[in-house]
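Throw the hints in and build the complete structure from the sequences for me.
These protein sequence lines are chains A and B, in that order.
Last residue of the first sequence: number 206 in the working numbering, and the count goes up by one each step with no gaps.
Last residue of the second sequence: number 410 in the working numbering, and the count goes up by one each step with no gaps.
Worth double-checking, as some hints may not be accurate.
Not everything, but these chain B residues come out facing chain A in the computed CB check (under 8 Å) [as the list claims (entries may be wrong)]:
no.: 1; residue: 258
no.: 2; residue: 394
no.: 3; residue: 402
Sample of chain B residues at the chain A side, in silico, Cβ under 7 Å [unchecked claim]:
no.: 4; residue: 264
no.: 5; residue: 286
no.: 6; residue: 287
no.: 7; residue: 290
no.: 8; residue: 295
no.: 9; residue: 296
no.: 10; residue: 319
no.: 11; residue: 406
Chain A stretches covered by chain B per the calculated footprint, using a threshold of three residues with CB under 8 Å from any CB of chain B [to be verified]:
no.: 12; segment: 56-68
no.: 13; segment: 194-206
Hints listed in this document are in silico derivations from the structure and should not be mistaken for laboratory results.
Built from N, CA and C at the ideal position, the CB exists for glycine as well.
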Amino acid sequence: MNDSSVTSRAWLRRLLFAATLVLLLYLGLAPLMNLLAHHLIRRDELVKSDVIVALGGDARCNRERRAAELYHQGWAPRIVNNGMQAAWGIHTADAGKRYLISLGVQPEDVFMIRDTLNTRTEIKALKALMAENGWKTAILVTSAFHSRRAMFTAERAKDEFVFRSSPVPPEHPEWQPDRWWSRRGDLYITLREGISWTNTLLNVWQ
Amino acid sequence: MKWHPSRRARLLFGAVFLAGGLAAGGFLLLPRWLIIDSQLREAEVILHLSIGAHSRADQFIASLYRPGVTRKIVCVSGQISWQEYPADYVARHLIELGVPAEGVTALHLPEFECRAEALAELARRARAEGGHRILLIVQPEDSRHLSHLAPRIFAREGLEAFVAYAPEDREDLVRDWWRVHWKVQRFVDELMQVSLDMLYSNCR
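In structure tokens:
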């Protein structure tokens, strides 16, 4: 066998390997990306808790709506509603409280955390409020894509508090994990959540 | 024993080092890439698109109001909570700051897929206010992208559009920005929006 036939066989093997790799990527990429997106969601079995927490940052107020549902179902006797100053004269925690009351939640059952700049500061303030009131267990309500990171942040420090996750269902117009890359809004949210996860794990910006 | 990395390993280290350096350099250059000089002009309609807790644009916009020239200041926002629009509050703030009530209005924007679609709607509304020159007061980090999009989209309605921002907002945003979570978040968010818009024909 001469040198040129050995070389062409080696190239053929490389070409076959590359083609197989491309085929595997083509077939496997979509299920893998779906799986990754589904992995952002954490949903726990609910038990009666001291408090339901609607994390801030939802302009559609689906988190508040879900928290009110859980309150009316009797999973906890009170709701902590989180928010921040949105502009002159409007604070989203106040606005969220008004919405919760309109959904039938008793005003005295609504507590507020008012400076929720990001998930970590929000969880820190929540734990301080829970310690102050002697609450030990909480149900975290947030958007589906945010639920695993919120729980990771809450459970990162080993302390006496127990958290459970009950996110807003990932249904239209909320973020949806299946084929997220095919919709601009969902693509943006998923990529941003990836960046936020990186920041949370590396503990860079707080 | 002396370690002699192979040629491949040296190439790999070099590539990783170069990619890291480029990423770090690109990150630090974000304000220069995303913020352009304000194109401040007199305009018949001022669109307030810089509503936010960190913004001092309300005072800046109030100072831009010129009786006889400015027909309307339009405060623009989407919903921030259930049926609550910051635009309503900011419109009241502008009146408190001395702008006549008839010179201010609030506009509630529905959700759009991207800013190009929102700008098309804003251009229609701005034309309805009867102006020809439209000044968009935006957040500083949005200025390059919006100054690329807005003139083209507003021109379809026969309008001239200029993009500016409150100087205090720029100073505040770029000061030690790489150390502050919300500032980094705003720059990275903007970079993502600009990059994603390039992928969609309706957003370019």
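Hints, one by one, checked against the model:
Restraint check, residue 258 of chain B versus chain A: the minimum CB separation of about 6 Å is within 8 Å; hint holds. Given the 8 Å rule on beta carbons, the hint for residue 394 of chain B holds: about 6 Å separates it from the nearest Cβ of chain A. The interface hint given for residue 402 of chain B holds, since its Cβ lies 6 Å from the closest Cβ of chain A, which is under the 8 Å cut-off. For residue 264 of chain B, the interface hint holds, the least distance from its beta-carbon to any beta-carbon of chain A being 6 Å, beneath 7 Å.
Against a cut-off of 7 Å between C-beta atoms, the interface hint on residue 286 of chain B holds, since the closest Cβ of chain A lies about 5 Å away. Hint on residue 287 of chain B holds. Least Cβ distance to chain A is approximately 3 Å, under the 7 Å limit. The beta carbon of residue 290 of chain B comes within 4 Å of a beta carbon in chain A, closer than 7 Å, and the hint placing it at the interface holds. For the restraint placing residue 295 of chain B at the interface with chain A, the shortest Cβ-Cβ distance is roughly 4 Å, inside the 7 Å limit, so the hint holds.
A distance limit of 7 Å between C-beta atoms decides the matter here; for residue 296 of chain B the minimum to chain A is near 5 Å, and the interface restraint holds. Below 7 Å, beta-carbon pairs count as interface contacts, and residue 319 of chain B has one with chain A at about 5 Å; its hint therefore holds. Because the smallest distance between the Cβ of residue 406 of chain B and any Cβ of chain A comes to about 6 Å, under 7 Å, the interface hint for this residue holds. Counting residues of the segment 56-68 of chain A whose beta-carbon sits less than 8 Å from any beta-carbon of chain B gives 4, enough to reach three: the coverage restraint holds.
With 3 residues bearing a CB less than 8 Å from a CB of chain B, the segment 194-206 of chain A meets the requirement of three and the coverage assertion stands.
Comparing the model with each numbered hint stated earlier shows that all of them hold.
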